[in-house]
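This is what each chain is made of:
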Amino acid sequence: MTCEEAQRSMHYHFDGDDHLHVRKARAHAASCTDCGRHVMDLEMVEQGLRSLQKFAAPPGLRDRILEAVREVPQKRPLRGTGGLMTREQ
Amino acid sequence: MERVEQGVLFRAQTGDLDAFTAIVQAYEDQLYTLAFRFLSNSAEAQDAVQETFLRVYTQLRRYDERFKFTTWLYRIATNVCIDRLRKRKAVSSLDAEVTDGVESLQDWHERLASPDPSPEDLLMQSETCNEVQRALGDLPPLYQTVIILRYIQELSLQEISDVLHVPITTVKTRIHRGREALKELLARAPVS
Chain V
1 MTCEEAQRSM
11 HYHFDGDDHL
21 HVRKARAHAA
31 SCTDCGRHVM
41 DLEMVEQGLR
51 SLQKFAAPPG
61 LRDRILEAVR
71 EVPQKRPLRG
81 TGGLMTREQ
Chain D
1 MERVEQGVLF
11 RAQTGDLDAF
21 TAIVQAYEDQ
31 LYTLAFRFLS
41 NSAEAQDAVQ
51 ETFLRVYTQL
61 RRYDERFKFT
71 TWLYRIATNV
81 CIDRLRKRKA
91 VSSLDAEVTD
101 GVESLQDWHE
111 RLASPDPSPE
121 DLLMQSETCN
131 EVQRALGDLP
141 PLYQTVIILR
151 YIQELSLQEI
161 SDVLHVPITT
171 VKTRIHRGRE
181 ALKELLARAP
191 VS
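Residue numbers (this note's numbering), protein chains in the order written: chain V, 1 to 89; chain D, 1 to 192.
Hints in this document: simulated from the structure, not taken from any laboratory. Treat the hints loosely; a few may be bogus.
[Stated by the list, open to error] Facing chain V, from chain D, some residues (calculated, C-beta under 10 Å):
| id | residue |
| --- | --- |
| 1 | Tyr32 |
| 2 | Leu60 |
| 3 | Arg177 |
| 4 | Arg179 |
| 5 | Glu180 |
[Stated by the list, open to error] DEER-style ranges, computed between Cβ atoms:
| id | chain 1 | residue 1 | chain 2 | residue 2 | range |
| --- | --- | --- | --- | --- | --- |
| 6 | V | Met1 | D | Val91 | 19 to 27 Å |
| 7 | D | Arg66 | V | Arg37 | 41 to 49 Å |
| 8 | D | Ile82 | V | Lys75 | 18 to 26 Å |
| 9 | D | Gln59 | V | Thr33 | 52 to 60 Å |
| 10 | D | Asp83 | V | Leu20 | 37 to 45 Å |
| 11 | V | Asp41 | D | Pro167 | 24 to 32 Å |
| 12 | V | Glu5 | D | Gln59 | 39 to 47 Å |
Cβ atoms here follow ideal geometry from the backbone N, Cα and C, with glycine treated the same way.
So that you can see chain V by itself, here it is in the shape it has in the complex (with noise of 0.2 Å):
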């Protein structure tokens, strides 16, 4: 398996997947420095993203939106969408 081959392998690894040819890139990526780096710096990536916070909606927010929404009406049900309101009537 070439250092490409492993690299572009090793994303399956990430999305959880077993294969076989990720289990030979992860084979490979242990015993190159290159692709043991590679594999390194995804992880951070990950670690990086996963570590971003998630926020409370800003005070405030929720009344401008139903206030935006007073203003507006709704639209009618297209035919056949099978809506809950075309359904029940």
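Based on the hints, put chain D in the right spot on chain V.
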């Protein structure tokens, strides 16, 4: 993930504002986080969330219950954010400098500079997170979308495929390229 009961949804579809308030309450945090990660700016993220809920409200009677409600919600929110990114790009490309020999990623990097973050935006994040946020903001929207849905909203590959109406193999390819691009962008980021 399904946090609003069918009965609430039904009442909201008849224009019941209390029911719609319950829907807003259930998803506002999640959608604000999504929008902030797309737009890197609190004011714009709030506008995007408002626009999303406005579309949800007006289209609610057209919601097709064969899809999960959150799938539909994410589809609308994602479209709103991407539209805003595109408009931003269109505006900034008017006075963009012509650079030669740059790859598309760098292209985005140059032209898609987000508006200056407000002091409150800066306060919201630690230094490392800022770096990641900046890199995220520099990704082409196609990759940015799947990365945000996967890592920020923690959707499964199947759910992302439903939201975007593309096959799982496509979702995977985009995530792979997005991860790879982020790795490059973070390697390039100045160490502060």
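Evaluated hints:
A least Cβ separation of about 4 Å between D/Tyr32 and chain V falls short of the 10 Å threshold, and the interface hint therefore holds. Annotation: D/Leu60 was flagged as interfacial toward chain V, and the flag holds, the nearest CB pair being 6 Å apart, inside 10 Å. Look at D/Arg177: its Cβ gets to within about 9 Å of chain V, closer than 10 Å, so that hint holds up. Because the beta carbon of D/Arg179 sits about 6 Å from the nearest beta carbon in chain V, less than 10 Å, this interface hint is met.
Interface hint at D/Glu180: satisfied, since its Cβ lies 8 Å from the closest Cβ of chain V, which is below the 10 Å cut-off. Separated by about 46 Å at the C-beta atoms, V/Met1 and D/Val91 break the suggested range of 19 to 27 Å. Against the hinted window of 41 to 49 Å, the Cβ-Cβ separation of D/Arg66 and V/Arg37 comes to about 46 Å, which satisfies the hint. With their beta carbons about 22 Å apart, D/Ile82 and V/Lys75 fall inside the hinted range of 18 to 26 Å.
Against the hinted window of 52 to 60 Å, the Cβ-Cβ separation of D/Gln59 and V/Thr33 comes to about 53 Å, which satisfies the hint. A hinted range of 37 to 45 Å holds for the C-beta pair D/Asp83 and V/Leu20, which are about 42 Å apart. Remark: the range hint 24 to 32 Å for V/Asp41 to D/Pro167 is upheld by a beta-carbon distance near 28 Å. The supplied range of 39 to 47 Å is met by V/Glu5 and D/Gln59, whose beta-carbon atoms lie about 46 Å from each other.
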